[in-house]
Amino acid sequence: MEKSVATLDEGTTCTSWNYCGQRLATGSFNGFLSIFDSPDPASSSFTATSKIRIHEGGIVKIVWIPPEYGDAVACICGDGSLSLWEEIAEDGQPLQWKLCETFRSKGSTVLEAQFGVIRTSLKMVVAYSDGHVKVYELLDPFELKNWQLQAEIQNVIDSVSTFGKASCFSASISWNPQLNESQEPSFVLGFNSDTPQLNSSKVWVFDQAHHRWLPVAELALPLDKSDQVFAVAWAPNIGRAYELIAVATHKGITIWHVRLNPDLDGRLSLKKAALLSGYEGEVWQMEWDMSGMTLATSGTDGMIRLWQSNLNGVWLEQAAFEPTP
Amino acid sequence: MYIGLVWLVVRFRNWHLDGYISDEIFSLIKVKSNQADSSASASGGALSQEFCFEWDHVMEYSKDIKELLGNPKSNYDPLIEDPKEVLNKGEEPTSLKAAWELMEMFYADKLCQSWFPERLVDWLADYDCLLSGDQPTVHSKLVDFQGTLVTLQVIEDDPKYWEVISSALAIGWLEIVVKLLRLHGSYQLDQLGHRETENGLVETVAVLISMMPRMRLELKNGKLGECFEAKPDFMKAWEKWREQITKLDSSAFWVPCHHRQTREGLKNLIQIMLGNTKILCTATDHWIELYISHFLFIRPFTVGFEGMYNLAQKCIQMKPMSSPHKLLRLIIGIIGENTEVVLAECSRGFGPWMVAHAIELLTARSDLADILLHKEHDDIGGISMEELHRLVYAQVLTSHFLTWQIAPVYLTSCMKQGMSLLEFLLYRQPAQHNQLLLKNLEICRLYDLDHVSSNIMKIAGVYHWKHGRKGLGVFWLQQARDEFLLNKIARQLFDSVGKSISSESFKQWEGLIELLGSESKPAGSLEFLHKYRDFKKSLQQACDRKTLDAAQHAADSLMSLMKNPSTPQRFWLPLLYDSLTLLSWPARPLLNVSQTNLLLNKLQELSMASVRPGFVASDLPAEALNSVRLALATNLGRAILEEQ
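Those protein sequences? They're chains A and B, same order as listed.
Position one of the first sequence corresponds to residue 1 (the UniProt record's numbering), numbered consecutively onward.
Position one of the second sequence corresponds to residue 1 (the UniProt record's numbering), numbered consecutively onward.
A hint or two may mislead.
Pulled from the structure, derived: some chain A residues nowhere near chain B, Cβ distances all over 10 Å [stated by the list, open to error]:
1) T7
2) G107
3) I153
4) F206
5) S309
6) A320
Only part of the chain B face toward chain A is listed, based on derived beta-carbon distances under 7 Å [to be verified]:
7) E376
8) D379
9) R428
10) Q429
11) Y447
In the DSS-like style, the derived pairs of lysine-lysine whose C-alpha atoms are separated by at most 27 Å in a straight line are [said to hold, decoys possible]:
12) K271/A x K416/B
13) K141/B x K220/B
14) K272/A x K416/B
15) K375/B x K272/A
Hint data in this document are derived by calculation from the structure and do not stem from the laboratory.
Every residue gets a Cβ at the ideal spot worked out from N, C-alpha and C, and that includes glycine.
Could you build all of it, start to finish, from the sequences and the hints given here?
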């Protein structure tokens, strides 16, 4: 049974649901940011409650900031800038969406940004088109404009690698969605670029003792290391002894088992659990369900597919939906 | 275009049926199960006793679930009022309940093992109507015939009449058979005279049918047959009954019966009662109907589940189906004793609710099933199939606003992964709606999830603070005991209060300070704001009343604030500047020498601090410092004089 939950404006280019699925943010090709709300939590009908033009060009991607920091979104715009917008009622003024901060970089554009909450701090990983990745930290939880650059990294496993100027088309970042704070913060990062060393997905972990980010695993077999990565997704872990990470390349979607306790040389033990193939084209987006048991994917074939493992560890496509035009 | 993937609005069609009804029962069985475990261990391992106890409570659980799945009337109850009403149009039964009853019959109800075939007859009586699809069923044929009944002049001439009677007899619907037989034209008063033999034969068959021995405990009111609990008694009665039928079959009364259809129809019924396979096959439509007719007339002495699967295969061969109904697929799985097939059919045909709940039944009878369902699988993260199915059902519940609150009942019964999933679930509930938030917190409290409730309250606190409801924001942050954020808020307040310390706009902060100053006092610096509020009040009173007492009280308040280490340095000057009236109180000096010296020292400290980096200057006029210094010096002079 299909039911429409919201009617988006023509020219909508990207969408994003907030943490509880009660708000939808959409961006359009002409730079409008729209917010859709439902009248009450029981309703699944969403209507636009605010619409503001945040940019002359288009909006490419929207990401919600974790709810511990209010109702705010990060928008990656067509010109490669990243701007943070927050819904806030300042002293005596009505509630409105306000610009908090804009990130620009000379000579490169922002491709991807993702947020991770670590203990009492909010971190933002931003990937740029020149292959550089910056990790920012929010200084004051009530001020989304005060960010400090914490680290700058390149997505290579070996720090002595040298390569020329990189040109990246897209980047994918996924934080380890852990709720407990016993593990060190970590994320997985992959590029779709002309520089083979940057492409393969690497797991980055924050080394608290030395206050630095370290690449601890490369999610690619030796022959696949230069494969361009289209999407990555780190599954929620509700009790497995290992982590599940999905990586999409032109060869299909690989499911990796990653054990987060490092061996003596600091690397993580990995197992390629499955290669989901059987359809042509590029994967656009991947997302895990709350239990980390089902993976949803969308791609250039216009289909949304759901994948699950059976009791023997064999991953199978469980359903495929074609969105109605 | 970019397609967003969302894990949200997967609606579950039967939530009202499945969700709300079973959570309490589910919790109940868990409690009972624990009781059983503890009582069994207390009795020193009285295994059989434990087994019986567990079986009893599984059966009780099953009955409760069944009741909640609805209790439709039997579809073939004849109505006395209308002789031509063969089928009672009861409430349409559901496949889910039919499936549950099947599972109960085979796995949980140990009493039914001794009269299993009869139990199956009852089941089909209730649910045959569900099986009509491409193929007719006995039920659908009866419904069709009922439609034509009023238009028939001579009922016994119609071949359909005899056909439906044979079909109903084949599957043991004796009441309907007898009722239909008594609609025979020979019963009519005007015909009784010249159709006496014919009528006698019809009535004899009807009586024989109504006397059919049945191996079962009891029959509901209005049902026909004679019950026998013990197998030897039943066998004896059965032999006698069959003898009577054989005798009737070879009786001479058939010769004077000139109505061909009646003769052939009755003979057909006799053949059914004598267990003629060919006739039974013709009289039935679905393999399950044929299967049941075998138990009734060919293998009446079957006890338990012996040979059931082979017989079912034989019946399926005789009545093949292109797309068997989900209930029939389930029966095949059950009698094939293949737990995995049963689970797969439950899941495919009846959804995650059925699987999550049926596991209690599946494991009640079979140790093998118990091992299979409780074995932990590494490939699914080290959980058992039982836990997996509960997690899956809980996720279905979480997808809807009205059912997510039931999910914790299931999740907390999942030993390995349930609690983590519950944490994710609670984290993903909207925190901005107060009622929902309270419900969320209640769940956290029930399951000792303090860290989750802190996080939820923090989200709510930040949301309200940033959306202009500052008081509510502070309240939730206090509940969350989030000192880090409260200190941040206190700093923001200092900034605002520091700017407006001498103005009336302070009033707008009063309520907030009141709230922050509650007994928990998570942030030391908030204590200052509370004292500051008190000082402002006493100062106001001193200015209004102009009495010495009020002024002295205000001066004491000032001293207490200035001595308190939690009073931020940047407030020292504004405080003293506010208190100029007190420092030059006309009646007498309010501060003694040592107090005045302390304040002068503070002023000196402030002057030195002002040249250091990071010093926050107040918004006071430039001459403020000098005015305060002068007032303090004057006060010092007056105090020295007074103390001499």
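Violated hints - listed by number, lowest first:
Numbers 5, 7 and 11 - these are the hints that the structure violates, sorted from lowest upward.
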